[in-house]
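A.B. asks: One letter stands for each residue in the lines below.
Number of protein chains: 4
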Amino acid sequence: MSTPIDQTGRDTLATSGWTVGETSAEKTFVFANFVDAFGWMTSVAICAEKLNHHPEWFNVYKTVKVTLTTHDTGGLSDLDVKLAQKMNQLAG
Amino acid sequence: MSTPIDQTGRDTLATSGWTVGETSAEKTFVFANFVDAFGWMTSVAICAEKLNHHPEWFNVYKTVKVTLTTHDTGGLSDLDVKLAQKMNQLAG
Amino acid sequence: MSTPIDQTGRDTLATSGWTVGETSAEKTFVFANFVDAFGWMTSVAICAEKLNHHPEWFNVYKTVKVTLTTHDTGGLSDLDVKLAQKMNQLAG
Amino acid sequence: MSTPIDQTGRDTLATSGWTVGETSAEKTFVFANFVDAFGWMTSVAICAEKLNHHPEWFNVYKTVKVTLTTHDTGGLSDLDVKLAQKMNQLAG
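Chains as they are written, first to last, in this note's numbering: chain A, 1 to 92; chain B, 1 to 92; chain C, 1 to 92; chain D, 1 to 92.
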């Protein structure tokens with residue numbers, strides 16, 4: 001289902017604002033307000049369910065802190081890269 | 001609660017893409033895909049409930065056709081202008 | 001991708017509150033308020049995108065009128081039955 | 001705007017599944033799946049914005065861990081009780 005991430009994947013994440021750790025990647029998205037933040041979360045939620053890969057995310061008001069990891073592979077996978085890129089794109 | 005719309009209000013709507021009729025205003029928003037369309041609808045839904053003024057809207061895939069009217073005043077009101085402006089802004 | 005509906009499918013829809021026509025099925029869902037209606041719509045939206053099959057739906061306040069049809073097959077298909085059942089289930 | 005919570009408020013929270021601390025209250029909601037969890041979050045989001053009082057919440061798949069506090073009052077307020085009750089009610 002999911003493929004462990006390689007260096008190219010790590011670079012893709014790192015160069016688009018993600019902090020890449022050994023087994024997970026993190027990024028904090030800050031929006032203008034709660035309305036913008038939650039509209040984005042809804043678009044991301046739809047994409048996540050379609051990918052069958054869900055984020056760990058923490059929201060308070062206009063800030064959303066996301067952690068991506070793939071439990072099946074015990075670390076980062078291509079699904080994390082796909083979801084990260086979708087999140088970046090949707091945050092415009 | 002709501003104030004009937006005047007000519008300035010009608011002009012505000014008409015010059016931002018709304019088709020203004022006697023008692024309602026309509027606009028069709030088209031997005032890149034369903035994910036974008038529904039994210040926008042969610043942001044709008046949050047604002048609508050806060051205004052205590054809700055749209056009539058029809059969605060299929062990436063298209064959302066909106067009709068605004070105020071039942072209390074039997075026509076267009078300042079609430080329709082506020083919601084229309086919010087919708088325009090969120091469609092960015 | 002999608003299979004035209006047979007009589008069993010039509011019966012499944014008809015016995016769960018859907019009005020089944022030649023090429024589409026309709027049902028009107030009424031909730032307690034807008035907050036309940038839109039929460040349901042969001043759950044449905046996530047499922048629809050995952051099925052890659054989207055409803056035509058009209059919302060005003062607590063009412064959502066849904067029309068299901070499958071353009072590929074020029075009528076009702078198994079995807080309409082799946083989405084209808086999901087909508088029924090989520091409306092609890 | 002907000003009133004510091006009294007013992008009645010603390011009891012209301014404590015008897016409906018919230019862990020009440022000195023300055024915040026926590027509850028973990030677990031749903032059947034992500035679709036249910038996020039539909040609930042959307043309904044809550046609409047209510048939160050209307051109350052102008054937002055949760056701190058962490059979601060992963062079907063679990064949502066909520067922390068409520070009121071920064072203005074430096075602790076729990078009537079707004080936390082209102083939002084907590086709404087969350088309980090929407091979780092059915």
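Some hints here could point you the wrong way.
Unchecked claim - Here are the simulated distance ranges between beta carbons:
#1 D:7 to C:92: 42 to 52 Å
#2 A:22 to C:6: 33 to 43 Å
#3 D:52 to C:6: 46 to 56 Å
#4 C:88 to B:62: 48 to 58 Å
#5 A:23 to D:30: 17 to 27 Å
#6 C:28 to B:14: 45 to 55 Å
#7 A:52 to C:60: 29 to 39 Å
#8 B:19 to A:33: 40 to 50 Å
#9 B:72 to A:22: 25 to 35 Å
#10 A:4 to C:72: 49 to 59 Å
#11 B:11 to D:72: 14 to 24 Å
#12 A:11 to D:7: 22 to 32 Å
#13 D:7 to B:10: 30 to 40 Å
Unchecked claim - Below, in silico cross-link-like pairs of lysine-lysine (DSS-like), each with a Cα-Cα straight-line distance of 30 Å or less:
#14 A:62 to D:62
#15 D:82 to A:50
#16 B:50 to B:65
#17 A:62 to A:82
#18 B:86 to B:65
#19 D:82 to A:86
#20 A:82 to C:65
#21 B:82 to D:65
#22 A:62 to D:82
#23 B:62 to D:82
#24 D:65 to D:50
Derived from the structure by calculation, the hints contain no laboratory data.
The beta carbon of each residue, even a glycine, is placed where N, CA and C say it ideally should be.
A.B. asks: Hint says 49 to 59 Å; check whether the CB-CB distance for residue 4 of chain A and residue 72 of chain C agrees.
C.D. replies: violated (37 Å)
A.B. asks: Within 42 to 52 Å or not, the Cβ separation of residue 7 of chain D and residue 92 of chain C?
C.D. replies: Because 35 Å falls outside the window, the suggested range is violated.
A.B. asks: Between the alpha carbons of residue 50 of chain B and residue 65 of chain B, is the straight-line distance 30 Å or under?
C.D. replies: Judged against 30 Å, a Cα distance of about 21 Å means the pair holds.
A.B. asks: Does the structure keep residue 62 of chain A and residue 82 of chain A at a Cα separation of 30 Å or less?
C.D. replies: Satisfied, since the Cα-Cα distance of roughly 23 Å is no more than 30 Å.
A.B. asks: So the hint says 22 to 32 Å: do the beta-carbon atoms of residue 11 of chain A and residue 7 of chain D match that?
C.D. replies: violated (56 Å)
A.B. asks: Quickly compare the C-alpha distance for residue 82 of chain D and residue 50 of chain A to 30 Å and report which way the hint goes.
C.D. replies: Not satisfied, since the Cα-Cα distance of roughly 34 Å exceeds 30 Å.
A.B. asks: Holds or violated: residue 65 of chain D and residue 50 of chain D, Cα atoms, limit 30 Å.
C.D. replies: Cα-Cα ~21 Å, so holds.
A.B. asks: Determine whether the Cβ-Cβ distance between residue 52 of chain A and residue 60 of chain C falls within the hinted range of 29 to 39 Å.
C.D. replies: holds (34 Å)
A.B. asks: So the hint says 14 to 24 Å: do the beta-carbon atoms of residue 11 of chain B and residue 72 of chain D match that?
C.D. replies: Given about 40 Å between the Cβ atoms, the range is violated.
A.B. asks: For the range 48 to 58 Å, tell me whether the beta carbons of residue 88 of chain C and residue 62 of chain B fit it or not.
C.D. replies: violated (25 Å)
A.B. asks: Is residue 82 of chain D within 30 Å of residue 86 of chain A, Cα to Cα?
C.D. replies: Violated. Residue 82 of chain D to residue 86 of chain A sits at ~35 Å, over the 30 Å cutoff.
A.B. asks: With the threshold set at 30 Å, check whether the alpha-carbon distance from residue 62 of chain B to residue 82 of chain D stays at or below it.
C.D. replies: Judged against 30 Å, a Cα distance of about 36 Å means the pair is violated.
Of the numbered hints listed earlier, those contradicted by the structure are 1, 2, 4, 6, 8, 9, 10, 11, 12, 13, 15, 19, 20, 21 and 23.
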